[in-house]
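The residues making up each chain are set out below.
Number of protein chains: 4
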Amino acid sequence: MGVMRIGHINLRVLDMVAARKHYEEILGLMPAAEDDKGNVYLKGWDEWDKYSIMLSASDRAGMNHVAYKVESDGDLDELKSRIIEYGLDVEMVPPGTLPFCGRALRFWMPSGHLMYLYAEKEFVGKAVGVNNPDPWPDGLKGAGVHWLDHCLLICELDPPSGINKVADNTRFFTEVLGFRLTEQIMAGPDHTVQAAAFLARTTTPHDIAFVGGPTLGLHHCSFFLDEWADVLKAADVLGKNKVKIDVTPQRHGITRGATSYFFDPSGNRNETFAGLGYLSQPDMPVITWTEEEIGSAIFFHTGELNPAFTTVYTEGV
Amino acid sequence: MGVMRIGHINLRVLDMVAARKHYEEILGLMPAAEDDKGNVYLKGWDEWDKYSIMLSASDRAGMNHVAYKVESDGDLDELKSRIIEYGLDVEMVPPGTLPFCGRALRFWMPSGHLMYLYAEKEFVGKAVGVNNPDPWPDGLKGAGVHWLDHCLLICELDPPSGINKVADNTRFFTEVLGFRLTEQIMAGPDHTVQAAAFLARTTTPHDIAFVGGPTLGLHHCSFFLDEWADVLKAADVLGKNKVKIDVTPQRHGITRGATSYFFDPSGNRNETFAGLGYLSQPDMPVITWTEEEIGSAIFFHTGELNPAFTTVYTEGV
Amino acid sequence: MGVMRIGHINLRVLDMVAARKHYEEILGLMPAAEDDKGNVYLKGWDEWDKYSIMLSASDRAGMNHVAYKVESDGDLDELKSRIIEYGLDVEMVPPGTLPFCGRALRFWMPSGHLMYLYAEKEFVGKAVGVNNPDPWPDGLKGAGVHWLDHCLLICELDPPSGINKVADNTRFFTEVLGFRLTEQIMAGPDHTVQAAAFLARTTTPHDIAFVGGPTLGLHHCSFFLDEWADVLKAADVLGKNKVKIDVTPQRHGITRGATSYFFDPSGNRNETFAGLGYLSQPDMPVITWTEEEIGSAIFFHTGELNPAFTTVYTEGV
Amino acid sequence: MGVMRIGHINLRVLDMVAARKHYEEILGLMPAAEDDKGNVYLKGWDEWDKYSIMLSASDRAGMNHVAYKVESDGDLDELKSRIIEYGLDVEMVPPGTLPFCGRALRFWMPSGHLMYLYAEKEFVGKAVGVNNPDPWPDGLKGAGVHWLDHCLLICELDPPSGINKVADNTRFFTEVLGFRLTEQIMAGPDHTVQAAAFLARTTTPHDIAFVGGPTLGLHHCSFFLDEWADVLKAADVLGKNKVKIDVTPQRHGITRGATSYFFDPSGNRNETFAGLGYLSQPDMPVITWTEEEIGSAIFFHTGELNPAFTTVYTEGV
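Protein chains in written order, with UniProt numbering: chain A, 1 to 317; chain B, 1 to 317; chain C, 1 to 317; chain D, 1 to 317.
Please note that the accuracy of each hint is not assured.
One copy or any two copies: either way a pair holds, since identical chains are not told apart in the list.
[Unchecked claim] Cross-link-like lysine-lysine pairs, in silico, DSBU-like; alpha carbons within 35 Å at most:
1. 80 x 244
2. 50 x 80
3. 240 x 80
4. 240 x 141
5. 21 x 80
6. 37 x 126
7. 141 x 244
8. 242 x 37
9. 37 x 21
10. 244 x 37
11. 80 x 242
12. 80 x 126
13. 126 x 21
14. 141 x 242
15. 126 x 50
16. 80 x 37
17. 21 x 242
Derived from the structure by calculation, the hints contain no laboratory data. Predicted, not measured: the structure shown is a model, and the values here were computed from it.
Same shape as in the complex, but just chain A (with noise of 0.2 Å):
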C-alpha cells in the first residue's frame, strides 16, 4: 500500500555521449531505450523495471524530477487526495507522459522540487531472470551497480527567516506519503532546527534525503552495492577512467552505510553506496545528530565535512 520505492530520476547531462559512456560504461547501468527526443533510458542489472535513470541533454545539470513507484494503480487516487488535503497542488497525467509508465501525480514537494508518482512501468526483468537465476549476470560493465538506491536534495533552509524546507519536505513525506523518518541532523542553538532528514519506506535506512542548503538543488543519486568490497572495486574503475572524486571509499555515520561520492561528466554528483546498515522499522527509534558532530553523521572517519560536500552540486528544477 502506498509508495515502494524510488523508481526513477530525470538527471540533465550537459553531453549525451560523455555521459552514455559514464553510466554505461564506468558505472555499468544497462541502455533500455531512446526516445525521440533523444533522451535515453537505463536500468541497473538488478531492477525488473524500464529504467532508472532518464538522462536528458540540456544545458544545465541537475535534475528534472524524481518518481517513486507505488503499489497500486488505486494508491494513485488515495495519494492525490491526500495531497490535495494537505493543500499542495496535484495533477493526475495521462500513461505516457512518465515514459513507459501508467498515469502518474505530479506535485511539486514543499521544497520545490519535482516529483511523480506512478504505479506501473513497462516491465524488462533482471539480468538473471526469475529461474534458478545466476547471483549477478555475465558481462557487467565497470562497477556494475545493482539498482538506483535513493536521492539526497538540497532544500532551502534559512532559520533566521523560519524558512525550513527540509522540515517541511519531512512533514509532507511523512504525513501524506508514509514514509518513516530514520534520521536526521539537528542544528541550531537548542538542536531544534531539522537540518537534515533522512526517510524510508522499505525496511532499509533511506529511500531520499533532504539536506538543508542556500538553495534548492540535487546533492546526489546513489547506485547501490553489495558491500565494501564492491565500493573499492568501483572506486578503482573511476580511477581507471579518470572520474573525478568527491569522497573516497568512507562510512556514513548516518545509514552506516559505505560510500563513495564523485561527479558525472556533468557535474552531477553519483555516489556508490553499500548498505552496511541496519534494518529499518516503524518502532525503531529516529537516530539524531547533533549539528556539532556533523562531520561525524555524513563522514564517519574523518569527523570532518570537505567543503565541495555541501557546497557543489547541481540544480534541482
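Given chain A, work out where chains B, C and D should sit, using these hints.
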C-alpha cells in the same frame, strides 16, 4: 500495518551453561534477562527490543515457538479476525504470557509450529544509542551478530499422500499475514509441488522460510552480519571455539545471501547470514527454482546439498 | 641468489578444449602460446614471464613436471653442484628443452616428482605494464587470478616401513635449494613423523608443499587472489559454470590463507588462494601442527578434513 | 643473507600517555617493555621479536632512528665493510645500545636519517604461538594491526641545486644493502629526476620508501592489516576515537595497497596498509610513474594529492 519482522524465537537447549557460552561468547548476543524458571533472554547489539532469543532448558532440543512483532496493538485484533476467518484456532493471551511483551495472538501454523504475534515488547535500545551513534559498539564478543534475522522451519511434505505443509503455510502467510512470496523451489514431475518457500514482510529477501521434510522441525535460526568479511570472521570464531560447523562460508542461490551454518551445543542449527541480496518488493516477480537445481538454489557454489543439511535438524514443537 | 619462485607447472589434461575453457574463461588466465605438439601455454595477468601453466593433452591427468625460476644463470651451475653433492642425479638440458626457457636443470625430487630449475624465460610483461599502471587490467575473465602461487605434491609416506618422502623432500629443499620450512604437521605417537611440510623462498608462507599419502601425486596447484572477497567472486564464477567444487571458501589453519578447492575438467585439483597470512622470514620459528589437530591445520573452520581431500588427487609423474 | 626486514622505528612523542593510548588501544599494539628512561616498547601481535615500536618522550615529534634486522650476526661485518667501501661513516655499537638487541651497525643514510642494522633482538613469540596456532589471537584491541610494515622517509630534493637525496638513498640501499627498487616516480622535464623510490628486501612491494621534499623528515610508518575489510574496521576505530585522519581508505597506485593515513597525538603520520599487491621479485621490471601521474601514483582513486600529504610531516632526525 501488520507484521513487521521476526521478534524472537524460543529455543530449547540441553545445557544452559553451554548454551549461554555459545550464544553470548561466540555469537556475541547480549544478556538481557533471566527469569525465575531459568529462561535466559538475549538480544543482538543492534536490536532495540528486550530480547530476540529466549533459551529454555529442556531434555530435547528444538523450538517452542516463534514470535513476530506487528506494528500496532490494533493490528492484533484485525489479524485475529483474519486468522479465524481463515479457519485456524487462535487465542489472545494476556500481557506477560510472552515474557516482557504485551497481549499476544497465539496459534499453530498450518504446519503445526507454534506462533505468536505481539505488538509490544519492553524497549531497551540499541547498544549504540540514538544520539550521534557509533556504527558499532565497543566490547563486542565473538561474531558480534547484529540481530535475529529469520528462521527456517521444516514442514511436513509427502506428495504421494497430498500432504504439503510448505504450501499450506505459504498460503496462510501470504493470504492472512500479508507476507510476500519472494522465492520458491518447485518439485515433482511438472514442478507443481512447492517444496520450499521464502517469504518477506520487510524489504529483505526473507523473514521466514519453509522447507519440506519428513517431520515438523526447526531447521535453523539465522543471525545477521554486515557482509562477507564478517562471515569469515564469524567462521574464524567458530573454528577457534571448535563449534561444529555444518557448512563453511558460501553463497546461497536463494536470497543470494552469504551464509555459514553451524550447531549450538544442543544441536540447534544456527546461521550467520550477510544479505548480499536484493531489495524485495511487492512487484518483484517470484523467483522459482526447480528441483533439479536445488543444489544451486541452496548452495550456489557447490551446487550440492550436503546430506546432513536436510536430514539433521531439531524438533519444531 | 638461488630459487626465486614457482615458474610453471606442466599439467596433463584429458580434453584440451574443456581445459582451455576452464583455465582461460573461468580462472581467467591469458593465452600465451600454443606449440606444434598442441601444448597450450597460459599466464596470469600479473605475471611477466611467458607462461606459468603449460597444458599437455594426455589420456591421464596429473603433472609432468614443475619448474622453479632461479635468479641468475650462474645459480644453475652452483645448484647443479649442490644437487650432485647431495647425491641426486641431475642433468643440464639445453635452451628450449623447457619451452621458451633457457638452459635448465632437470632432476627428480627425492619423492619422485620431476623438477626443473631455469633462469630465463621469454619476457612478456604484466597486462598492466610498467608505466603508470592501473591496479588491474580491463577485460579480465572469470576469477581473474593473478598468478600461479604454489603447488602441493603428495609424497609417499609409510611410517611402518620407514618411508617418508615428505621428510626426504623437505631435507633436500632446505639443505640444497635453500627453502625455509615455515610449517609442518607432525604425526605418529610422539609426533616425530613429518607428515606435511610447507616451504618458502619468497617471504610468503609457502612456495611449495609436500603432504604424505599412499602414492606420489599432484594434490593441487594454486592461483593467487588478493583477498577474501575475491575468493567469493571466484566461487561464484565456479558456481555459475558448474565447476566441481571440493571445498567452499574457508580459512586454512596452515598459512592462514583463504582458500577454495575445485577440479579442472580432467580432475586436477585447483585452488584459489588469498594470502591472509604472515610475512615468512628466516628467523620466524617453524609452526608445528600435531596430527590430532590436522583438521584445524587444513580447514580451520570445520576442523575436519573432508575424505576426498586426501584420497582424491591426480598422478604426480 | 643480509637485510631481512624493518625491525623497529624509534618515534618521538610529545605526550607519552596519549601516545600509549593511541598505539595500544587504537592501533592494538601490545606493550612489551618500559625502560628506566621512560621509553616504551610495543609489538604487533604477529611479530615474534621483542618490539617494533619504541616511543621516546620529547618536545618535538618525529623519529630518532629506524632499524632493520639482518639475517645473521656475520652479515653485520660484511655490511660494515660494504658501507665503509661506499664511503659512509659507520660504527659498530655494542649489544644493548639498541635496547634488547645485540651489537648493531650505526650510520646515517645519505639523506641524513639515522639507521641501525642488527642481527639479534630478544625473542618473544607471536601472540598465537607456534603450536597449532589460531589465525588470530583473542582480545585484540582496536585495529589489531599485525606488524610494522615499512616507513617512508622524506629526503631532501632540490633539482636546481642538484640535490637529490632520494636518488642518493636509492643508490646506497640497492648497491650496498641489497634492496631492490620496485617502483619510482620520475619528475622533471625529461623524467630524469627520481622524486620517489620504493625498495624491498622481502617479496612484498616495499620495505622502505623515500620521497623528495624540502627537508629531511618522517612521512609515516605503516602497520599491516590483512585486507580491505580490515582497513574499514581500522578507520571505524579511528572515527570512534576521533583520531585525526589524513586520508580515508583508498588504493595506492604505487604498490596497489589499500591505505588509510592518520596522525598519532604528536602529529606523527601512521598508515594502516593492506597489501592488495603483487609479489615483488628480482626479475620484476621496475614500475615507473611519471610526475604528471603522481596523483594516481599515490592516490589511485582521486588521482589527486591532498596538499597536506606532502607538506605535513614530522622531523626525520
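These are the hints, each one checked on the structure:
no.	hint	in the structure
1	80 x 244	neither (41 Å within a copy, 50 Å between copies)
2	50 x 80	within (25 Å within a copy, 40 Å between copies)
3	240 x 80	neither (47 Å within a copy, 45 Å between copies)
4	240 x 141	both (13 Å within a copy, 18 Å between copies)
5	21 x 80	neither (38 Å within a copy, 55 Å between copies)
6	37 x 126	within (26 Å within a copy, 45 Å between copies)
7	141 x 244	both (19 Å within a copy, 27 Å between copies)
8	242 x 37	within (30 Å within a copy, 45 Å between copies)
9	37 x 21	within (19 Å within a copy, 44 Å between copies)
10	244 x 37	within (29 Å within a copy, 50 Å between copies)
11	80 x 242	neither (45 Å within a copy, 47 Å between copies)
12	80 x 126	within (31 Å within a copy, 37 Å between copies)
13	126 x 21	both (22 Å within a copy, 27 Å between copies)
14	141 x 242	both (16 Å within a copy, 23 Å between copies)
15	126 x 50	within (10 Å within a copy, 39 Å between copies)
16	80 x 37	within (29 Å within a copy, 54 Å between copies)
17	21 x 242	both (12 Å within a copy, 33 Å between copies)
Against the hints set out earlier in the document, violations occur for numbers 1, 3, 5, 11.
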